[in-house]
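This note's numbering puts the first residue of the sequence shown at 1, with every later residue one more than the last.
Hints are not guaranteed to be accurate.
[As the list claims (entries may be wrong)] Computed list of lysine to any residue pairs in SDA-like fashion (alpha-carbon distance at most 20 Å, straight line):
hint	residue 1	residue 2
1	K6	S19
2	K25	I47
3	K25	D3
What the hints contain is simulated information worked out from the structure, not anything from laboratory work.
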Amino acid sequence: QADFKKIPWLTGESAYTASLIYCLKSKTANRFTVTIDDGEPMTDDFIFAFCGNSRFYGGGYQAAPY
1 QADFKKIPWL
11 TGESAYTASL
21 IYCLKSKTAN
31 RFTVTIDDGE
41 PMTDDFIFAF
51 CGNSRFYGGG
61 YQAAPY
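Based on the provided sequences and hints, a complete structural model is requested.
Quick look at the structure:
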């Protein structure tokens, strides 16, 4: 994502979208352990993960619509 933000004409939401497309195409996964609301921990390989307490972040990118 940081590399995409360095491109002058690629700003805001489009930089995040370009980063998402790159991650999905490159399939560069990382192993995470996720626990949601005191539930069972889940460990798996994830390509892209969002964690937040708001619907929007960055340049107005809507990562968690609900």
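To see whether the hints hold, each was checked on the structure:
1. Between the alpha carbons of K6 and S19 the distance comes to roughly 12 Å, so the proposed pair stays at or under 20 Å and holds.
2. Note on K25 and I47: the hinted pairing holds, with a Cα-Cα distance of about 10 Å set against a maximum of 20 Å.
3. Between K25 and D3 the CA atoms are separated by roughly 16 Å; this keeps the pair inside 20 Å, and the hint holds.
Violation of the numbered hints given earlier is absent; every hint is satisfied by the structure.
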